[in-house]
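J.: Protein chains in written order, with the working numbering: chain A, 1 to 158; chain B, 1 to 107.
I should point out that these hints are in silico values taken from the structure, not numbers from a laboratory.
Beta carbons are placed, not taken as given, at the ideal position from N, Cα and C, and that holds for glycine.
Any given hint could be a false lead.
What the hints assert, rightly or not - Stretch-level coverage of chain B by chain A, calculated; a stretch enters the list once three of its residues show a Cβ under 8 angstroms from a Cβ in chain A:
#, region
1, 35 to 47
2, 80 to 94
Stated by the list, open to error - Selected chain A positions facing chain B (in silico; Cβ < 8 angstroms):
#, residue
3, I23
4, N98
5, L100
Listed below are the residues making up each chain.
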Amino acid sequence: MSTKKTTIVLFSGDYDKAMAAYIIANGAAAYDHEVTIFHTFWGLNALRKDEDLKVEKSFIEKMFGKMMPKGADKMGLSKMNFAGMGPKMIKDVIKKHNALELPQLIEMAQEQDVKLVACTMTMDLLGLKEEELLDNIEYAGVAAYLADAEDGNVNLFI
Amino acid sequence: MINNIGMTPIFISINHIPIGVKVKFKGVRNMNIDKVLNAKGLACPMPIVKTKKAIDGLQSGQILQVLTTDKGAKSDLTAWATSTGHEILDTQEENGVLTFYIKKGEK
Numbered sequence: 001m002s003t004k005k006t007t008i009v010l011f012s013g014d015y016d017k018a019m020a021a022y023i024i025a026n027g028a029a030a031y032d033h034e035v036t037i038f039h040t041f042w043g044l045n046a047l048r049k050d051e052d053l054k055v056e057k058s059f060i061e062k063m064f065g066k067m068m069p070k071g072a073d074k075m076g077l078s079k080m081n082f083a084g085m086g087p088k089m090i091k092d093v094i095k096k097h098n099a100l101e102l103p104q105l106i107e108m109a110q111e112q113d114v115k116l117v118a119c120t121m122t123m124d125l126l127g128l129k130e131e132e133l134l135d136n137i138e139y140a141g142v143a144a145y146l147a148d149a150e151d152g153n154v155n156l157f158i
Numbered sequence: 001m002i003n004n005i006g007m008t009p010i011f012i013s014i015n016h017i018p019i020g021v022k023v024k025f026k027g028v029r030n031m032n033i034d035k036v037l038n039a040k041g042l043a044c045p046m047p048i049v050k051t052k053k054a055i056d057g058l059q060s061g062q063i064l065q066v067l068t069t070d071k072g073a074k075s076d077l078t079a080w081a082t083s084t085g086h087e088i089l090d091t092q093e094e095n096g097v098l099t100f101y102i103k104k105g106e107k
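The shape of chain A in the complex, shown without the other chains (with noise of 0.2 angstroms):
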């Protein structure tokens, strides 16, 4: 049996649409899959670790920095989101259905070994350095991620 391939370009920063992803990418990874996940534009903000890192930035980085979630754990839904109530809601339930949090879902990733990859064009745009972002994970260009999706079996965009 040739190892199949599943590839997920997670663009979106939100919670719920993070949790799709990295629901499917621990099915894919437990179907035996290759996976990788490719963050771009928001989606990089679930790479991000959770506290304040002294690191060099011009003034527009800076904004940016503050303006957009510290981590997975932070981000907010796409819906319902009622400034910051609706991720709170939908923890307690998350938490009452024993499903996993988005950061469980991260680390359960990790542990699958799924490749978590940083675009490292829309870093330089955001201003994300590569200090801010979670330990063990790769950074690479368009071309690396066609790499993985010319022979992937499954290749989704979120």
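Starting from the structure of chain A, add chain B where the hints point.
T.: Same frame as chain A, but now just chain B:
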């Protein structure tokens, strides 16, 4: 007078196989379960992820029993087993608990 409960003759047969002969049922009666996975209460995608991890620890031909309460698990585990080359020997449903018997396939 024949009482169906108390007076069943011993030579009665089930599916034309005489009692007393050791029969290989397709069901679970003669199955040696090598590992039990309790995934009750867990939601998607955990049952599949845990099943995968559990079956990774088995040899080909060994049998894994999976208990789950996730309603999607019936379709999920069936599809997963087919696609990854394992065999579902039997499934049972009782009081909202789904039980699967999965035989690990050849790799």
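J.: Against each hint, give a clear statement of whether it holds in the structure.
T.: Taking the hints in turn, this is what the structure says about them:
1. 35 to 47: Answer holds; 6 residues pass the 8 angstroms Cβ test.
2. 80 to 94: It holds, with 4 qualifying residues against the three required.
3. I23: Because about 5 angstroms separates I23 of chain A from the closest Cβ in chain B, which is inside the 8 angstroms limit, the hint holds.
4. N98: holds (5 angstroms)
5. L100: holds (7 angstroms)
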